[in-house]
Structure formats: structure tokens, C-alpha cells
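Peer 1: Here is how the chains run, residue by residue.
Protein chains: 2
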Amino acid sequence: MTAMGIVTADISVTLDGYGAGPNQSLKAPFGDLDEGRLHSWMFDHAEESAAEIAAITEASAYIMGRNMFSPGRGDWDLTWKGWWGEDPPYHASVFVLTHHEREPLPMQGGTTFNFVTDGIASALDDARVAAGLGNVAIAGGATTINQYLGAGLIDELRLHVVPFVAGAVGGSRIFDGVPPIGFDVVAARSTPHVTHLTYRQSGRGR
Amino acid sequence: MTAMGIVTADISVTLDGYGAGPNQSLKAPFGDLDEGRLHSWMFDHAEESAAEIAAITEASAYIMGRNMFSPGRGDWDLTWKGWWGEDPPYHASVFVLTHHEREPLPMQGGTTFNFVTDGIASALDDARVAAGLGNVAIAGGATTINQYLGAGLIDELRLHVVPFVAGAVGGSRIFDGVPPIGFDVVAARSTPHVTHLTYRQSGRGR
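Order-wise, the sequence lines are chains C and W. Heads up, the final residue of the first sequence is numbered 206 in my numbering, and it's a clean run with no missing numbers. Heads up, the final residue of the second sequence is numbered 1206 in my numbering, and it's a clean run with no missing numbers.
Since the hints were made in silico from the structure, they are not lab data. Remember, it's a predicted structure, so these values are computed and weren't measured experimentally. Quick reminder that beta carbons are idealized off the backbone N, C-alpha and C, glycines included. Among the clues, some could well be false.
Unchecked claim - For each label pair, taking beta carbons as the anchor points, the in silico distance ranges come out as:
| no. | chain 1 | residue 1 | chain 2 | residue 2 | range |
| --- | --- | --- | --- | --- | --- |
| 1 | W | His1100 | C | Ala55 | 49 to 57 Å |
| 2 | C | Glu101 | W | His1039 | 35 to 43 Å |
| 3 | W | Trp1083 | C | Trp83 | 48 to 56 Å |
| 4 | W | Pro1106 | C | Thr191 | 44 to 52 Å |
| 5 | C | Asp118 | W | His1045 | 39 to 47 Å |
| 6 | W | Ala1051 | C | Ala187 | 18 to 26 Å |
| 7 | W | Ser1202 | C | Asn23 | 15 to 23 Å |
| 8 | C | Leu133 | W | His1045 | 29 to 37 Å |
| 9 | W | Pro1179 | C | Ala55 | 29 to 37 Å |
To be verified - Covered stretches of chain C, as calculated for chain W (at least 3 residues, CB under 8 Å):
| no. | region |
| --- | --- |
| 10 | 55-67 |
| 11 | 136-144 |
| 12 | 189-196 |
When you get a sec, could you build the whole thing from the sequences and use the hints?
Peer 2: Structure representation (C-alpha cells):
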């Protein structure tokens, strides 16, 4: 048996499982009701969750949805280089799921954005090759993680559960429509602002 | 300010927030896929969660939905005395939400089942009187807890999250349709079989 990496996914969710609000906004995904709540554990209380934040960018390759890479509206802008400036925090190959062809985009610090137009399985094949023996991380957003969960392709799911119920305000739930999945609890830790829960899909050893 | 108890609720939920499966069955709420999984932490691994199990029956009065008291189908059976035998574990007044009038039913050990036909707010008023300075617990099931959450009436929510995603199999979600709610994290602890998360509705002191 050859050693190989696993597929991980980190995502912030509300207590009722929404990984995105109805607004495509990092700052106020659920409107003014809840400004910044989904991600404030990372932005405003980073010291409380330093280990979990560090783990998000420890993979050897990444996959992300188009909306995580670029603004969701308007034309596909070939001059757009992502939200992270000239030196993105990934320092590895990042595969962006899109319907638009684009040449690979090398950035400073070892990050290269690659654009994959033939679906999630193909993107994972590419990312595994790029990762070698390391892990592949599904970086988000909620819809992309939902697709990979639905296909049974996530080995380790790291939920960062914020103590807020979106309820009737709604948004995108990461588990909607997926087949039933059994997990094992790997770790659970709470700060005043977030509960970090790590699950391994049952039967997937490290 | 007068000291008074709080309103608590304990419920087992899947990782995607289902407090009941499509089957009204304690043993296999999500079908054979998942036999016993929602409650096996209590039935099969009680020693791992002894403190959390004990806390479930520490309130001074209880409220439960009709389906938690009696079989969901068929006529209202006036000889039915609940699922718990002659000496139920509550040892206090229990208010059963129902559309059917019935005289109070005293049991051994101090439990009395009372039948409330005029809604959740009225049942809570009755339970607060019965509890005195003690707490009132919303005992379940999922639909009843959803109603009390929707009315903003639960101070402390104790979720027992089992590491299983029901996904497309569905069931009843405890947060569906409720207004947005902010909570504070009070406690988080995990065993291999369940994660115990205690939340206090923000602004509700002890």
C-alpha cells in the first residue's frame, strides 16, 4: 500500500449548517443582523484559534470554486488575480473550478492558480498529482464543499461552527442533498467564538 | 430582580441538524442505514456521557410534544401512560402538548403528566409555575423544540451532535424557519460517539 495524502476541507458554518449566507459577502453574509459573524473567529479572534487557522493552509494543493477566486458577477476578467494580493497564502498549486478557460497564473511565494473546466473529479485528479504525498484541501466555498461531500470525496471535514442560527434567513447548506455519511469524531475544541470540530469519514484511515 | 430558573432543551441531532428522521422510530430514525445512531450515545455508550445524561433529567418541570409521550398514529388512548413504565425518570410535572383533553395522570416517583391543549406559551406558563425557582426543560421531540426556538423561548440549548449526516434522507430539522438567533458557547466536549455542545442564547444570563 502506497502512502498518500488525504482530502481535507475547512469551512465555517452556522449552527444550522449554512456555509454561506444569501449575500455573497464575507463581511455580512446574513445581512446586518450578523455582520461578520461567520468569519469573525478568523479575522477578529485569530489568536484564540491559531492552530486551526494555520492548519487551513498546510495542504500541498488546493481546490476552490470560482466564486472563491473571483467576484461572482460580471464577465470573467483575465486580469483578475484573486483576492489575496501578489503573495497568496497557499504557496502551492490551486485549482479553480470554472467554465472559462484560462492559462495558469503563477503568483509570488509558490502559489499558482490553475483553471479547471472539466469538473470536480478532474480537478481532484490534478490536485492529487500536484500534492504528491501531501494532502489536498478543498478550500471552499460552501457549494464546492457540498459537491465534494456529495461525491464522497472528502476524507477529513473540519467544521468551524459559529454560535449563530441563520434560520429563516437561509443561504447555502454544505450537507444539502448529499447521500448519508458516517463520520468519526477526531477532535472537538471550543473558544468563546467558534467550535472547531474535526471529522474523519468512517473507514478512511490516516 | 427575582431569581428564577431558565428554560433548557436537550436534543440529539445529526451533523446536519436533524433531530428526527423520516421514520418515527427511536431505533432507526433514518432507516437501516443508521440503526440507532441518533440515540446510541445514550443507550450504548452511557458511561461516556454520564454527566450530560444526568443533566437531562435535572429540571424542575418538563414540556414534551404529543409524539414523545404516545404513539403517533391512531386514536388518543386514555389508558396510555407514556413510554417509561410506572416510574418515569422525570420525578416532576410534565406538560404534554396535545389537542386532546385529558385529566392529569400521576405516576410513581413524583412524575405527573399534565395535558395542555392551548399551545406552547401556555404550557410554558404552567411549567414555570410548577418549577418554581427551578429550570423548565423542553424535553422534545424535534418539532416541539423547533417551535420553542422559533418563539425565542429557549435560554440554554444542549445539542448532542452525532457524527452522521442524514443528507438526502432528511427528517425534521430543529432550526428550520426560526428567526436568526445568536448564542454564546457555554461548553463543548466530545466522546468518540457524540459531541456535547451547550449554548446560551445571547443576552440571557444565568
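Peer 1: I want to verify a distance hint. Is the separation of the beta carbons of leucine 133(C) and histidine 1045(W) within 29 to 37 Å?
Peer 2: About 36 Å separates the Cβ atoms of leucine 133(C) and histidine 1045(W), which means 29 to 37 Å holds.
Peer 1: Evaluate the given range 35 to 43 Å for the C-beta pair formed by glutamate 101(C) and histidine 1039(W).
Peer 2: violated, 51 Å
Peer 1: The hint says 29 to 37 Å between proline 1179(W) and alanine 55(C); measuring C-beta to C-beta, is that right?
Peer 2: holds, 34 Å
Peer 1: Given the hint of 15 to 23 Å, check if serine 1202(W) and asparagine 23(C) actually sit that far apart at their C-beta atoms.
Peer 2: With Cβ atoms ~22 Å apart, the hint holds.
Peer 1: Do alanine 1051(W) and alanine 187(C) keep their Cβ atoms within the hinted range of 18 to 26 Å?
Peer 2: Since the Cβ atoms of alanine 1051(W) and alanine 187(C) sit about 20 Å apart, the hinted range of 18 to 26 Å holds.
Peer 1: I want to verify a distance hint. Is the separation of the beta carbons of proline 1106(W) and threonine 191(C) within 44 to 52 Å?
Peer 2: holds, 46 Å
Peer 1: Does the beta carbon distance between aspartate 118(C) and histidine 1045(W) stay inside 39 to 47 Å, or does it fall outside?
Peer 2: holds, 45 Å
Peer 1: Checking C-beta pairs, does the region 136-144 of chain C have three or more residues closer than 8 Å to chain W?
Peer 2: violated (count 0)
Peer 1: For the hint 49 to 57 Å, verify it against the beta carbon of histidine 1100(W) and that of alanine 55(C).
Peer 2: holds, 54 Å
Peer 1: Quick check: the region 189-196 of chain C, covered by chain W? Criterion 3+ residues, Cβ under 8 Å.
Peer 2: Per the Cβ count (7), the hint holds.
Peer 1: Test coverage of the region 55-67 of chain C by chain W using CB-CB distances below 8 Å; three residues minimum.
Peer 2: It is violated: at least three residues are needed, and the region 55-67 of chain C offers just 0 whose Cβ sits closer than 8 Å to chain W.
Peer 1: Holds or violated: the 48 to 56 Å window for the beta-carbon distance between tryptophan 1083(W) and tryptophan 83(C)?
Peer 2: With Cβ atoms ~54 Å apart, the hint holds.
In summary, the structure is inconsistent with hints 2, 10, 11 from the numbered list given earlier, while agreeing with the others.
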